[in-house]
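2 protein chains.
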Amino acid sequence: MSKLVPPHGSNTLKPLALTDSALNAELNKAKSLPKITCSSREEGDIIMLGIGGFTPLNGFMNKADWQGVCDNMTMENGLFWPIPITFSTSDETVKAGDEITIVSGKTGTVVATMMVDEKYTIDKTHECEMVYKTTEMAHPGVAMVMAQGKYNLAGQIKVLSDGGFPEKYSDLYMTPMQTRAYFKDKGWSTVAAFQTRNPMHRSHEYLAKIAVEICDGVMIHSVLGGLKAGDIPATVRSEAIATLIKNYFVDDTILQSGYPLDMRYAGPREALLHALFRQNYGCSHLIVGRDHAGVDDYYGPFDAHNIFDEIESDTLITQPLKIDWTFWCHKCASMASMKTCPHEAKDRVLLSGTKVRKMLSEGEDLPSTFSRPEVANVLQAYYASIKDEDKVEIKMSGHSAK
Amino acid sequence: MSKLVPPHGSNTLKPLALTDSALNAELNKAKSLPKITCSSREEGDIIMLGIGGFTPLNGFMNKADWQGVCDNMTMENGLFWPIPITFSTSDETVKAGDEITIVSGKTGTVVATMMVDEKYTIDKTHECEMVYKTTEMAHPGVAMVMAQGKYNLAGQIKVLSDGGFPEKYSDLYMTPMQTRAYFKDKGWSTVAAFQTRNPMHRSHEYLAKIAVEICDGVMIHSVLGGLKAGDIPATVRSEAIATLIKNYFVDDTILQSGYPLDMRYAGPREALLHALFRQNYGCSHLIVGRDHAGVDDYYGPFDAHNIFDEIESDTLITQPLKIDWTFWCHKCASMASMKTCPHEAKDRVLLSGTKVRKMLSEGEDLPSTFSRPEVANVLQAYYASIKDEDKVEIKMSGHSAK
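Line order of the protein sequences matches chains A and B.
Quick note: the first sequence uses the working numbering, first residue 178, plus one each step.
Quick note: the second sequence uses the working numbering, first residue 178, plus one each step.
Chain A with its partners taken away, still in its complex shape (with noise of 0.2 Å):
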């Protein structure tokens, strides 16, 4: 019988999306209140709020929860939460005990409402030093920091969209009820999610069928927020990604799906968040592999496995599943990690990711023991189908799930 781990701090999923009538009225309510905007990784933050992936937050972070989660990650409630979630706005007229109404910068739709406890100002530079381990504005996560407004604006929400991604990405996207439902349908209760915003070539499957081996299921979990400029679509990703499944995967045991965050590329801090809430959606392990939510070269390609070490062990159920860098290695005859395979590098089927873009860009074979055919002709076609100038833009992980 299914058993799956429970919540984060919780027994329940706390999904903070209204619907229905209660829906209705509230969208009625936030016409006569103040509007500030949103910017997109916080829209992702509230969409996941809505559908229950942050349980148990009932809404945005205060100053004191703000400085336990840099500082320790944990809350002044004493939950364990790696990266702040907040939201902030330069609006001088706000102030605690006001409702607002939260608008989507991107499509100027209402997201949710806010009742305002607190309004604090925060060290953006201590919070990049805690969380992204450097101040440098090339980090994609630091300059999300860095553009937040003067103030955080603290309070319960009530989430009033979905994002628009139920639409948008009907086959992929499932909320964390969703994900349980299935999983119980299927009657796993071991499932490892595989945490992805590349297209998966043999290394990733390999990551992932070791997971298929030894839980009763895997979900591919896709990005489908915002990412940095270069990365692969999710459209384009899901297909390449489907391709495989059906290929060299058994039905019963995998599922694609997709959520709603933008990546902070915060690394370890990161590979924490993605561990706290697959367990919402039900998942009993993170596949973690090399430089796990990193971005270029700011983190050791295992400081996301050696957090997990950091943290006490029963901070989180979910638990991850630490895996080394992989290859095709010709002796092995098989795919195989720096911890399996004893042999020489010139043994190994190791491709650089500019080395990959360029031979996709210009229609050339990958190799088999590199990439399955079916998925580089996928890729191949995106590569024809983009203008020229945008190629040099775009990168792909050869290695490892990031």
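Hints listed in this document are in silico derivations from the structure and should not be mistaken for laboratory results.
Keep in mind that a hint or two might mislead.
When chains are identical, the list treats them as one kind, so a pair holds in a single copy or across two.
[Claimed, not checked] Calculated lysine to any residue pairs in the SDA-like style (CA-CA distance at most 20 Å, straight line):
id, residue 1, residue 2
1, Lys-180, Ala-273
2, Lys-180, Asp-491
3, Lys-301, Cys-247
4, Lys-191, Asp-339
5, Lys-535, Asp-408
6, Lys-345, Gly-403
7, Lys-508, Val-427
8, Lys-361, Glu-487
9, Lys-180, Ile-488
10, Lys-508, Ser-545
11, Lys-423, Leu-528
12, Lys-180, Ile-494
13, Lys-423, Met-515
14, Lys-423, Lys-508
15, Lys-327, Pro-211
16, Lys-345, Val-287
17, Lys-208, Lys-283
18, Lys-301, Leu-256
19, Lys-423, Ala-522
20, Lys-535, Asp-393
21, Lys-240, Leu-256
Dock chain B against the given chain A, drawing on the hints supplied.
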């Protein structure tokens, strides 16, 4: 920093073997005590008690323990234990209150002394039904129970022998204290045990490598005690495994060692015992393949997986890594299992044990997708060395850890 699982039901290992002057004094005393002979299985259990592999037991079980273990896998004091650890005799004169010397039935040497607390009879058929799920004498575990003496003797023991294992298997034999020290020295915290009584083909290598990918290390742990007729001898098996390790594993993530028990072939109940004593050896995981510790068709292929779901999740700290039937698939171009390969039987390399034995006996090469050539060479040399009439008896599992 290495942080290993604690022993079963205890914070420390409880080896019952005496050493140095205590050993000499007890050996002297043993000379004057009444002597009772033990079977091969009982001797293995005594050696295991001696090295702390059966921590926290302090000797052989009494009737209440026997009953509780048969019926509920629970001893009188509430401790989880899946298979009775009992000592039998047909001696009519020995009685509760006596102190006895236990002598090896194989070698005649003194192996232990025992303070007899209780002399009792058991319903052997009940034990077989509960533990082995059959009373057929063709089952080697049933035959062992039925061959026991009329009475069981319960009581604390002092172990006075190492069973000759350290000498006979100097490179291979390690006590739980030694494996724990080895794991700590390597910096391992998560260690999976791979139980085997067979040489390792690619399917077994695949099981072990899945575990290497997600744990700090894997201990290939061979039965060095008694096997049923036709199993490959430990010396040949360990040479084949050493060859595999040398050519296809990374030194820093693998250890081959052995333990002194006889196989009981109790399938699911023995899988639980295998996990229990691996916890004492410091292993956080036990690889449980298809028909683990089974024999012939007495157990369903996944009975040993399912039994772990029938016990409370905190009963054992050491957790199973449950893996399905594995094989090479040409379309996957990799090792795979029924859970990861969506292709057809014709795409898979499946050889029966009978076919493999025939090919090896006739010096024919096994496909490299089934067995590493270096390993097949060791086995071919062994088959060439044994008498023809013995060959038909040799039994090898082609597909799964048993």
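Going down the list of hints, with the structure as the test:
{"no.": "1", "hint": "Lys-180 with Ala-273", "result": "neither (42 Å within a copy, 48 Å between copies)"}
{"no.": "2", "hint": "Lys-180 with Asp-491", "result": "both (18 Å within a copy, 15 Å between copies)"}
{"no.": "3", "hint": "Lys-301 with Cys-247", "result": "within (11 Å within a copy, 63 Å between copies)"}
{"no.": "4", "hint": "Lys-191 with Asp-339", "result": "within (15 Å within a copy, 59 Å between copies)"}
{"no.": "5", "hint": "Lys-535 with Asp-408", "result": "within (15 Å within a copy, 54 Å between copies)"}
{"no.": "6", "hint": "Lys-345 with Gly-403", "result": "within (14 Å within a copy, 63 Å between copies)"}
{"no.": "7", "hint": "Lys-508 with Val-427", "result": "between (27 Å within a copy, 13 Å between copies)"}
{"no.": "8", "hint": "Lys-361 with Glu-487", "result": "between (32 Å within a copy, 18 Å between copies)"}
{"no.": "9", "hint": "Lys-180 with Ile-488", "result": "between (25 Å within a copy, 14 Å between copies)"}
{"no.": "10", "hint": "Lys-508 with Ser-545", "result": "both (16 Å within a copy, 11 Å between copies)"}
{"no.": "11", "hint": "Lys-423 with Leu-528", "result": "neither (25 Å within a copy, 27 Å between copies)"}
{"no.": "12", "hint": "Lys-180 with Ile-494", "result": "both (13 Å within a copy, 19 Å between copies)"}
{"no.": "13", "hint": "Lys-423 with Met-515", "result": "between (29 Å within a copy, 15 Å between copies)"}
{"no.": "14", "hint": "Lys-423 with Lys-508", "result": "between (28 Å within a copy, 13 Å between copies)"}
{"no.": "15", "hint": "Lys-327 with Pro-211", "result": "within (18 Å within a copy, 88 Å between copies)"}
{"no.": "16", "hint": "Lys-345 with Val-287", "result": "within (18 Å within a copy, 77 Å between copies)"}
{"no.": "17", "hint": "Lys-208 with Lys-283", "result": "within (18 Å within a copy, 90 Å between copies)"}
{"no.": "18", "hint": "Lys-301 with Leu-256", "result": "neither (22 Å within a copy, 54 Å between copies)"}
{"no.": "19", "hint": "Lys-423 with Ala-522", "result": "between (32 Å within a copy, 18 Å between copies)"}
{"no.": "20", "hint": "Lys-535 with Asp-393", "result": "neither (38 Å within a copy, 36 Å between copies)"}
{"no.": "21", "hint": "Lys-240 with Leu-256", "result": "within (15 Å within a copy, 49 Å between copies)"}
The structure fails to meet hints 1, 11, 18 and 20 from the earlier list, while all remaining hints are met.
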